[in-house]
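Engineer: The numbering of the sequence shown is my numbering, which starts it at 193 and goes up by one.
Mixed in with the good hints there might be a few duds.
Unchecked claim - Listed next, the in silico BS3-like pairs over lysine-lysine satisfying Cα-Cα at most 25 Å (straight line):
#1 Lys412 x Lys426
#2 Lys204 x Lys240
#3 Lys294 x Lys204
What the hints assert, rightly or not - Taking CB as the label site, the calculated pair distances span:
#4 Thr214 x Glu395: 41 to 49 Å
#5 Val263 x Thr214: 16 to 24 Å
#6 Ser365 x Pro226: 23 to 31 Å
#7 Leu233 x Phe353: 21 to 29 Å
#8 Ser210 x Thr443: 45 to 53 Å
#9 Pro352 x Arg262: 33 to 41 Å
#10 Ala450 x Phe289: 50 to 58 Å
#11 Thr214 x Arg340: 35 to 43 Å
#12 Glu395 x Asp297: 46 to 54 Å
#13 Val424 x Glu446: 16 to 24 Å
Derived from the structure by calculation, the hints contain no laboratory data.
Note that CB positions come from ideal geometry on N, CA and C, so glycine has one too.
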Amino acid sequence: MSPMSDDLASLKSLVQTSGVATVNVVAWRDLDDPEAGGSELHADEIFKRWAAAGVTIEMRTSAVPGRAARVDRNGYAVNRTGGRYKVFPSVIFRGIFGRCSKRPDGVVEIWNGMPFLSPLWHRGRRLVLLHHVHGEMWQMTLPGLLGRLGWLIEHRLAPPFYRRTMIATLSKSSAEEIEHRMHLHRVAVVPPGIAPAFEPGVERAETPLVVAVGRLVPVKRFDLLIESFIEVRKQVPSAHFVIIGEGYLRTELEDLIAD
193 MSPMSDDLAS LKSLVQTSGV ATVNVVAWRD LDDPEAGGSE LHADEIFKRW
243 AAAGVTIEMR TSAVPGRAAR VDRNGYAVNR TGGRYKVFPS VIFRGIFGRC
293 SKRPDGVVEI WNGMPFLSPL WHRGRRLVLL HHVHGEMWQM TLPGLLGRLG
343 WLIEHRLAPP FYRRTMIATL SKSSAEEIEH RMHLHRVAVV PPGIAPAFEP
393 GVERAETPLV VAVGRLVPVK RFDLLIESFI EVRKQVPSAH FVIIGEGYLR
443 TELEDLIAD
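All chains, full assembly: derive it from the sequences and hints.
Structural biologist: This is the structure:
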């Protein structure tokens with residue numbers, strides 16, 4: 193058997209003994225969203241494996257302009273309804289006051305800046321996927337009062353509701369930041385792994401090469417990387433820097449490089 197087959201067999205066995213057959217997921221964006229990034233890709237990689245292991249998954253996200261409200265992807269269903277920001281109060285309101293035909297065995301909340309407050313409306317098994325604390329990113333993405341409100345919700349208002357909820361994050365540094373800045377201590381580190389397509393070659397490049405991959409948006413700070421690399425080139429003239437990604441800052445970054 194291949195390693196992938198062995199992993200799937202182990203996951204199926206775990207699912208059978210866990211008593212978790214149905215899972216509802218709430219997330220801000222869907223993988224088809226124009227601004228989808230690592231969080232959405234990470235979620236898809238997880239849930240397609242869970243689905244292959246026999247878990248029935250219903251995912252709720254905000255709507256994707258020009259796309260169907262419902263899509264079946266990689267063995268799980270995605271319901272894409274509600275505005276980009278209205279999806280949060282909509283999910284919370286429905287969770288508290290709505291009636292579900294059948295209660296799921298578990299709920300997974302993907303906390304990407306703004307929370308869905310799942311502990312308020314689901315008393316059963318819960319898991320929160322939290323990649324990192326947004327912190328100062330709020331002021332970079334939302335102006336004035338809105339940015340301060342986002343910071344206040346993430347750091348002060350929401351955390352008390354999650355004291356008894358298990359949180360999974362991607363690295364030890366993120367776990368330490370969650371514990372220090374949000375005062376949440378039920379945190380597990382689950383490394384995301386690396387897709388085979390992104391495994392580096394065994395040979396070194398002839399000249400020093402730096403590669404940065406991500407969405408071209410302010411919070412990724414590619415401008416800072418470019419400015420830092422200018423200093424690197426002064427010491428290592430043969431070094432090269434490649435940026436891979438798409439986003440609305442592309443033209444601005446190209447202009448910065450040209451200057």
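Engineer: Hints first: check each against the structure and report whether it holds.
Structural biologist: These are the hints, each one checked on the structure:
1. Lys412 x Lys426: holds, 24 Å
2. Lys204 x Lys240: holds, 13 Å
3. Lys294 x Lys204: holds, 23 Å
4. Thr214 x Glu395: 41 to 49 Å: holds, 48 Å
5. Val263 x Thr214: 16 to 24 Å: At roughly 19 Å between Cβ atoms, Thr214 and Val263 fall inside 16 to 24 Å, so the hint holds.
6. Ser365 x Pro226: 23 to 31 Å: holds, 29 Å
7. Leu233 x Phe353: 21 to 29 Å: holds, 27 Å
8. Ser210 x Thr443: 45 to 53 Å: holds, 49 Å
9. Pro352 x Arg262: 33 to 41 Å: holds, 34 Å
10. Ala450 x Phe289: 50 to 58 Å: With Cβ atoms ~54 Å apart, the hint holds.
11. Thr214 x Arg340: 35 to 43 Å: Given range 35 to 43 Å: holds, Cβ gap about 39 Å.
12. Glu395 x Asp297: 46 to 54 Å: Holds, at about 48 Å.
13. Val424 x Glu446: 16 to 24 Å: holds, 19 Å
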